[in-house]
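Undergrad: Residues per chain are reported as follows:
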Amino acid sequence: MLAALKQGEAYGYELLQRINQTDGLGMTESTVYPLLARLTEDGFLTVRAVASKSGPPRRYYKLTRVGRSRLQEMSHLWNNFSAGVESLLNGENR
Amino acid sequence: MTKATHLSSEVRIEIDAHLDEVDKVLQESDVSRSERRALCDEVECQIIDMLSERCSANPTVADVKALLAGMDSPSRFARQNDDRQLQPISEPTVLPLATAAAMTAVFGVIGAIIWAEWRGAESDRQQAAIIAFLMTFLALGMGVTAIREIRRNARLKRGYLLAYIGVISLPICFSLWASREIAHPINTRLSREVADYILSRRTTILTADEEIVILDDGKQPDEGDIIISKSAKPAKLPFIPWITTSRGWRLFALTTCFGPTILLTLIFVPLFYRRYHPRTIAT
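Chains A and B, in that order, are what the protein sequence lines are. Heads up: the first sequence runs through residues 681 to 774, numbered per this note's numbering. Heads up: the second sequence runs through residues 2 to 284, numbered per this note's numbering.
Bear in mind the hints are in silico, worked out from the structure with no lab data behind them. Treat the hints with care, since some could be wrong.
Between beta-carbon pairs, the in silico distance windows are [said to hold, decoys possible]:
1) B:Ser124 / A:Thr726: 43 to 51 Å
2) A:Ser755 / B:Lys25: 33 to 41 Å
3) B:Arg77 / A:Met754: 21 to 29 Å
4) B:Val270 / A:Thr708: 41 to 49 Å
5) A:Pro737 / B:Lys25: 17 to 25 Å
6) B:Arg152 / A:His756: 21 to 29 Å
7) B:Asp21 / A:Lys742: 29 to 37 Å
8) A:Glu753 / B:Ile131: 34 to 42 Å
Using 16 Å as the maximum straight-line C-alpha spacing, the simulated EDC-like pairs for lysine to aspartate or glutamate come out as follows [as the list claims (entries may be wrong)]:
9) A:Lys733 / B:Asp42
10) B:Lys158 / A:Glu753
11) B:Lys25 / B:Glu36
12) B:Lys158 / A:Asp722
13) B:Lys158 / A:Glu721
14) B:Lys66 / B:Glu11
15) A:Lys742 / A:Asp722
16) A:Lys733 / B:Glu45
17) A:Lys742 / A:Glu694
Stretches of chain B that chain A covers, calculated by requiring three or more beta carbons in the stretch to come under 8 Å of a beta carbon on chain A [said to hold, decoys possible]:
18) 49–58
19) 69–79
Beta carbons: idealized from backbone N, C-alpha and C, even for Gly.
Work the whole structure out from these sequences, hints included.
TA: Structural data, given as structure tokens:
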């Protein structure tokens, strides 16, 4: 979710589309929206409400400084994890 | 940008029924009102956007029903909400504010002591005391904030020990100051009593500035012997014989100097621990 927001500010449905357009990823609203709420509560995201003509205000999410830092940490962990799994799959032994 | 969509009252009723179901499920999962509102707004925005993408400007009830059938059922929001119990894949990291609190406390006090020792004058000592108090007060604020932050993000952050160092620095600093201002004069009075005892047994005074006395055996004092200014005028205080021994004197000095520190620490640490430490919930 944080990585999807790295591309820039987005509202909920836009973010959902952004994730689902990525190969190999598929998420639904019941996963994404509670996660957005949780990440906002934890201080990783900020929300900006913009009035809409045809419904409730759109909530635009943006990474905070803490969120960017968390994304960096998670990216590092993911890279290590991915490299480890890849080496196992390739039969490499360190 | 999506095109404007006009919703008939029948369509509106259908959408509202779906949103009410989502809200009900979230309510049953103990989700706060503000969060429920935010989640329902997101779902509503999505429905309207999808209608405008897939249907005409005037969608029918059938369109809405078909669209809702392709979306997550309201009950899935309850299941996803349970994901709050999941642990993060990474280890919690030390909160920088907790580190800053501990460093402010430690370097603030050490800096003040160095300043006082370097300058030496009584006025500089007072300035150093003020600096130490300000720094430890700052450390207290940072420590309390850090503890609250760690408690709020216990899955992601740690650093309670560092934060507590910041919190207890002020009472420790205060008790050290109190030891100097309160216990030291008491020690001084008692040391005069000791001096009286020693001077009554002295045989030789070595130095002109009367800083050192030699004990009865005529040798220079060893490490651990009592060395005291002759200029200190003996006071008529009740005399405690065991204080004349170096071990007894040191023990007494240590107790009077560090007693208040230990006492205040024993009072404050459990107080803050109980106030801010997260409760363990059995699962």
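Undergrad: Hint by hint, note whether the structure agrees.
TA: Quick rundown of the hints versus the structure:
no., hint, verdict
1, B:Ser124 / A:Thr726: 43 to 51 Å, "49 Å, holds"
2, A:Ser755 / B:Lys25: 33 to 41 Å, "38 Å, holds"
3, B:Arg77 / A:Met754: 21 to 29 Å, "25 Å, holds"
4, B:Val270 / A:Thr708: 41 to 49 Å, "48 Å, holds"
5, A:Pro737 / B:Lys25: 17 to 25 Å, "22 Å, holds"
6, B:Arg152 / A:His756: 21 to 29 Å, "26 Å, holds"
7, B:Asp21 / A:Lys742: 29 to 37 Å, "30 Å, holds"
8, A:Glu753 / B:Ile131: 34 to 42 Å, "40 Å, holds"
9, A:Lys733 / B:Asp42, "14 Å, holds"
10, B:Lys158 / A:Glu753, "13 Å, holds"
11, B:Lys25 / B:Glu36, "13 Å, holds"
12, B:Lys158 / A:Asp722, "11 Å, holds"
13, B:Lys158 / A:Glu721, "15 Å, holds"
14, B:Lys66 / B:Glu11, "11 Å, holds"
15, A:Lys742 / A:Asp722, "13 Å, holds"
16, A:Lys733 / B:Glu45, "13 Å, holds"
17, A:Lys742 / A:Glu694, "13 Å, holds"
18, 49–58, "holds (count 4)"
19, 69–79, "holds (count 4)"
Going through the hint list in order, the structure satisfies each hint without exception.
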